[in-house]
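> So you can see what is in the structure, the chains are spelled out below.
There are 2 protein chains.
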Amino acid sequence: MSPIDAVRALTFDVFGTVVDWRGSLVREGEAFGRARGLAVDWGRFADDWRGLYQPSMERVRTGAAPWTNLDALHRMSLDRVLAQHGIKGLEEADIDHLNRAWHRLDPWPDAVAGMTRLRLRYPLATLSNGNVALLVAMARRAGLPWDAILGAEVAQAYKPLPKAYLTTAALLGLAPEQCMLVAAHVSDLVAARGCGFRTAFVRRPREYGPRPADVLPQDHGFDVVAEDFLDLADKLGAA
Amino acid sequence: MSPIDAVRALTFDVFGTVVDWRGSLVREGEAFGRARGLAVDWGRFADDWRGLYQPSMERVRTGAAPWTNLDALHRMSLDRVLAQHGIKGLEEADIDHLNRAWHRLDPWPDAVAGMTRLRLRYPLATLSNGNVALLVAMARRAGLPWDAILGAEVAQAYKPLPKAYLTTAALLGLAPEQCMLVAAHVSDLVAARGCGFRTAFVRRPREYGPRPADVLPQDHGFDVVAEDFLDLADKLGAA
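Note that the protein sequences, when read in sequence, are chains B and X. Numbered according to our numbering, the first sequence spans residues 344 to 582. Numbered according to our numbering, the second sequence spans residues 344 to 582.
Be a bit skeptical, because a hint or two may be false.
No copy is singled out in the list; a pair is fine if it fits within one copy or between any two copies.
[To be verified] Here are the simulated SDA-like pairs of lysine to any residue, each with C-alpha atoms no more than 20 Å apart in a straight line: (1) K431 with M419; (2) K506 with W410; (3) K506 with T411; (4) K578 with D566; (5) K431 with A513.
Bear in mind the hints are in silico, worked out from the structure with no lab data behind them.
Based on the provided sequences and hints, a complete structural model is requested.
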């Protein structure tokens, strides 16, 4: 019996694994900038914004800040990045619209088709640091067929804290060993495995645009390594 | 402007409002009894089991018992009802299967079609006392198109405690006034309204089989009163 046989639900990292956050932020930024006559390097803008992602969560993880959901962290980071890029005088509604670009991220081309196949065999849940409202809006726009929106906000703990993984498994009524995390990031999978989860690494070489992504040059011993969600469906026997 | 114009999400009571718990438990019980040669009045069995529902949650609400999810409360109640009905000697796997009859409840005939229309206009979330695993299993079997599985377990508070409603609204990123509760029970709607929710009463006259259900003889001032989910879709302008 393979360790995969015990799996009863698939849980997914979302940013970078299911959706192309960088390409989508550049698309959103360019449309935003065109409409307002702003000259901005939106690739750099996206990288700078995302660069504040881990530090902003770390303040919550360590207890230096109280629980704050990702929409609110994104907004605090956005205010800083706007200032860094010399963008001033935007209306509150404009800044809010830009902040919600994270609600309008596009899936990788294989994501919906792969999830649709995987869902015939397994319940699919988010295990993301994104907040529920963000993930619901994203799923409705992109057509992502989730069975449940779980993860950091529901657990009140950001990955890679164990509580994020363990609460998600418990809400699914499963032992960690019955859950698989699907992710494009080694650190996330290593943390999930430490909690008992099964692991599926999916290569997303374009996540960071021109910068290199996790491409898994060495063997990390994950249960599955897949080229995309269709390959994952093949490897998990999901017709 | 009508109070309904501000609504940005629909939240649903599930047992009795979306699914026919009593008819489904009788169906499950009869199949279970036939396979094991048990002579049981499954209508009375269902009523007795459901009769322990509020008392079991009340122990959690008052703090007399720690947080316990509905699958676990159902199981404690089931053990008592099996004894009351003189049913002995079942295997653990059989009792667990019977307990999960709550995962296999059938929707009312209009539910999926009505939700499918409503979902084009609003995100749809559970606001049920059922636990996440129960609601996910039910939705997958019955084809209920939820955008999010929220409610008591995620809030760690059983309705009608305000925390159940307020946490659900907060996770949706909305003010209570932007949420509508759809329910077949006056007490649930009154509690939701007390938290600021908009309210839609849906008549489910067959919920209790031969016993009378809430049929709303008097005017409670709910924002919408509907005959079923298709009528609700009409009244909310959801094509």
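> Hint by hint, say whether it matches the structure.
Against the structure, the hints come out as follows:
no., hint, result
1, K431 with M419, "within (15 Å within a copy, 61 Å between copies)"
2, K506 with W410, "both (14 Å within a copy, 17 Å between copies)"
3, K506 with T411, "both (16 Å within a copy, 18 Å between copies)"
4, K578 with D566, "within (10 Å within a copy, 50 Å between copies)"
5, K431 with A513, "neither (45 Å within a copy, 30 Å between copies)"
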